[in-house]
Amino acid sequence: MKNDQALIEYLLRLADTDMVLAQRFCEWCGNAPALEEEMAMLNAGLDLIGQARNWYDYAAELLDDGRDADHLAFRRNEREYRNLLIAEQPRGDYAVTTVKQFFFDVWHHLVLTRLTESSDERIAGIAAKALKEVTYHRRRSTEWMLRLGQGTDESHRRLADAVENLWRFTYELADTDDVEDQLAEAGIGAGNVGDAWRAEVARVFAEAGLELPEPARHFYMDGKNGKHTEHLGFLLAEMQYLPRAYPDATW
Amino acid sequence: MYAQQVDTGSKGLKSLDDMSPEERHFQEKVDAEVRIEPKNWMPDGYRKTLIRQISQHAHSEIVGMLPEGNWLTRAPSLKRKLQLMAKIQDEAGHGLYLYSAMETLGADRDEEIEKLHRGEVKFSSIFTYPTLSWADMGAIGWLVDGAAIVNQVPLQRCSYGPYARAMIRVCKEESFHQRQGYEILLTMMREGTDEQKEMVQDAINRFWWPSLMMFGPSDTNSPNSAQSMAWKIKRHSNDELRQRFLDQTVPQLEFLGCTAPDPDLKWNEETGHYDFGEINWQEFFDVLKGHSPCGIERIQQRKKAIDDGQWVRDAAVAYAEKQKANDAA
Amino acid sequence: MADWTLFEVFVRSKHGLNHKHVGSVHAADATMALENARELYTRRSEGVSLWVVPAEQITASAGDEKEPFFDPADDKVYRHASFYKLPPEVDQM
Ligand SMILES: [Fe+2]
Ligand SMILES: [Fe+2]
Ligand SMILES: [Fe+2]
Numbered sequence: 001m002k003n004d005q006a007l008i009e010y011l012l013r014l015a016d017t018d019m020v021l022a023q024r025f026c027e028w029c030g031n032a033p034a035l036e037e038e039m040a041m042l043n044a045g046l047d048l049i050g051q052a053r054n055w056y057d058y059a060a061e062l063l064d065d066g067r068d069a070d071h072l073a074f075r076r077n078e079r080e081y082r083n084l085l086i087a088e089q090p091r092g093d094y095a096v097t098t099v100k101q102f103f104f105d106v107w108h109h110l111v112l113t114r115l116t117e118s119s120d121e122r123i124a125g126i127a128a129k130a131l132k133e134v135t136y137h138r139r140r141s142t143e144w145m146l147r148l149g150q151g152t153d154e155s156h157r158r159l160a161d162a163v164e165n166l167w168r169f170t171y172e173l174a175d176t177d178d179v180e181d182q183l184a185e186a187g188i189g190a191g192n193v194g195d196a197w198r199a200e201v202a203r204v205f206a207e208a209g210l211e212l213p214e215p216a217r218h219f220y221m222d223g224k225n226g227k228h229t230e231h232l233g234f235l236l237a238e239m240q241y242l243p244r245a246y247p248d249a250t251w
Numbered sequence: 001m002y003a004q005q006v007d008t009g010s011k012g013l014k015s016l017d018d019m020s021p022e023e024r025h026f027q028e029k030v031d032a033e034v035r036i037e038p039k040n041w042m043p044d045g046y047r048k049t050l051i052r053q054i055s056q057h058a059h060s061e062i063v064g065m066l067p068e069g070n071w072l073t074r075a076p077s078l079k080r081k082l083q084l085m086a087k088i089q090d091e092a093g094h095g096l097y098l099y100s101a102m103e104t105l106g107a108d109r110d111e112e113i114e115k116l117h118r119g120e121v122k123f124s125s126i127f128t129y130p131t132l133s134w135a136d137m138g139a140i141g142w143l144v145d146g147a148a149i150v151n152q153v154p155l156q157r158c159s160y161g162p163y164a165r166a167m168i169r170v171c172k173e174e175s176f177h178q179r180q181g182y183e184i185l186l187t188m189m190r191e192g193t194d195e196q197k198e199m200v201q202d203a204i205n206r207f208w209w210p211s212l213m214m215f216g217p218s219d220t221n222s223p224n225s226a227q228s229m230a231w232k233i234k235r236h237s238n239d240e241l242r243q244r245f246l247d248q249t250v251p252q253l254e255f256l257g258c259t260a261p262d263p264d265l266k267w268n269e270e271t272g273h274y275d276f277g278e279i280n281w282q283e284f285f286d287v288l289k290g291h292s293p294c295g296i297e298r299i300q301q302r303k304k305a306i307d308d309g310q311w312v313r314d315a316a317v318a319y320a321e322k323q324k325a326n327d328a329a
Numbered sequence: 001m002a003d004w005t006l007f008e009v010f011v012r013s014k015h016g017l018n019h020k021h022v023g024s025v026h027a028a029d030a031t032m033a034l035e036n037a038r039e040l041y042t043r044r045s046e047g048v049s050l051w052v053v054p055a056e057q058i059t060a061s062a063g064d065e066k067e068p069f070f071d072p073a074d075d076k077v078y079r080h081a082s083f084y085k086l087p088p089e090v091d092q093m
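First to last, the protein sequences are chains Z, L and S.
Going by the UniProt record's numbering, the first residue of the first sequence is number 1, and it counts up by one from there.
Going by the UniProt record's numbering, the first residue of the second sequence is number 1, and it counts up by one from there.
Going by the UniProt record's numbering, the first residue of the third sequence is number 1, and it counts up by one from there.
By construction, these hints were calculated from the structure, which means they are not laboratory data.
Where a beta carbon is used, it is the ideal one built from N, C-alpha and C, also for glycine.
Careful: at least some of the hints might be erroneous.
Stated by the list, open to error - Pairs of lysine to aspartate or glutamate, EDC-like flavour, derived with a Cα cap of 20 angstroms: (1) Z/K129 x S/E46; (2) L/K303 x Z/E27; (3) L/K11 x L/D264; (4) S/K20 x S/D3.
Stated by the list, open to error - Derived list of chain L stretches under chain Z, where covered just means 3 residues or more per stretch with a C-beta under 8 angstroms from a C-beta of chain Z: (5) 41 to 54; (6) 61 to 68; (7) 91 to 98; (8) 215 to 221; (9) 305 to 314.
Using the sequences and the hints, build the whole thing.
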């Protein structure tokens, strides 16, 4: 694959993952366990959509086929979406949301940190701004891991259940594929952050009183290449309903 | 308004001469536009009425997130999604500012919220109406937040300091809400398809009357209203505010190229105001009594969120206690 | 019944002023109170520093205080009315 082609793929992965996670945050609106958490989740959601828009904009420029950021977000189907599998999993209870967010935030933080050094200045710039926001996201989800892990018997049980359910999707966070390796070699992409990711997760798990499972192994699914769980289709159906139902409309 | 039909417990106004020295001093401060602060002496009725009014106002902000939240996952573009999210989040913030003001009066937020969930306290009638199309996001921002602004601007000068200050912060944020709503409608009317234009008119048809009802029935002869005015926790009559809202809204309606579902709406040269048709107050009272399109669902959703979140809040408390114990050891 | 503790919040705005009381938040502990205060009171970058104090720890005298207004944020422009360009006929909104 040419570097440009790989870069578009890479940008869409970053954008789609942000977008899908933000959509899950939107689902919490009116349903959060405390009003303060409502505020916090909407803030994080705003950050993620803002980041998604930056990545989409850049991808759209490189694609140069007339599609803009909105088109990329709202008119591609589930086989074309490139988000990480962990992002599309249903929001579940607050333990599920916390674990999803924590796994992602740790990964996101490591990736963005490296991307601030990218030889592609556009990427470095977007990453630098996003990194500030994500540093805060990671701090918050880490704290909630500890609160739920050490809180009550019930919260600990729910947290452990969430880990058991979600762990299988984490191979995408700890592994890279050809696209990522190619861009890392070119000094553009973040490359493999698996070791650092696992070390940080292990540290927090120990403090939260959780057992660290064996590394997750790749299985049939492959979100980065458009092979998703069944959840994504419904998420997109809802999110993309208006632009698809009224293709000629201006909103 | 956001706090409709607040009971003051008053049968009629006391004159300064009938008041105890404390109450008289209090009333003189209020008359002189000096703000009352949490630690100042205040009549029991004033405290209770304010708690009722501010809690209803706060509940309305929080329940008011739901009709818009209904379209948050379906916002049609990145820009619109960001705007709606920021707007809804502001409303959560308004609720929290207000609860915070209410708590300075000695009320407890969680207890007041439980009263809402038990159906003992009301929230604004407007939020019991369903949102049936994307244009409703525009109509709500423009009409509902517009009406709220008309009501809230004078409350920035209300006699109770924390409430007035909360209102100042709220009003600063509200004008973005109204403008984003109007811009949604204007974009659809100017650049949209015929189908979209129909959506806009339909949304206005459904939200027009309920927005006018937000101000509550005429209160010219109400003892509650007279007392609230004397305490300066209400500064204008319902009819006055409704008229003010209507007068500023009709030109905006015409600019959109839309119409109101009111054949009697017309400019009155003599009064310098718009005349309008009879409001269906039966619908308003029905809605307040719970006979409303979505009133039950709104409360169910809020109650479920708080009930389902109990284990989360408990976990946070348990963790905090463990941390404290560790620090002490 | 109150789940979480009431904390009073103080914000120092950008201009090198003192911390000022802005309101309160509920939180299980001080760390959470700081974060909740950040989410609630600094959404439009109104501050550079925050204090939170458990409300029960404050001994208050009676008296008046002035509240700060807040500076606009430079980032999330869509939160501000001026972001919405309306034609002059309706621009007083
Ligand atoms: Fe509001
Ligand atoms: Fe509102
Ligand atoms: Fe509003």
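* Asked: Which of the numbered hints above does this structure break?
  -> Violated hints: 3, 4, 5 and 8; rest satisfied.
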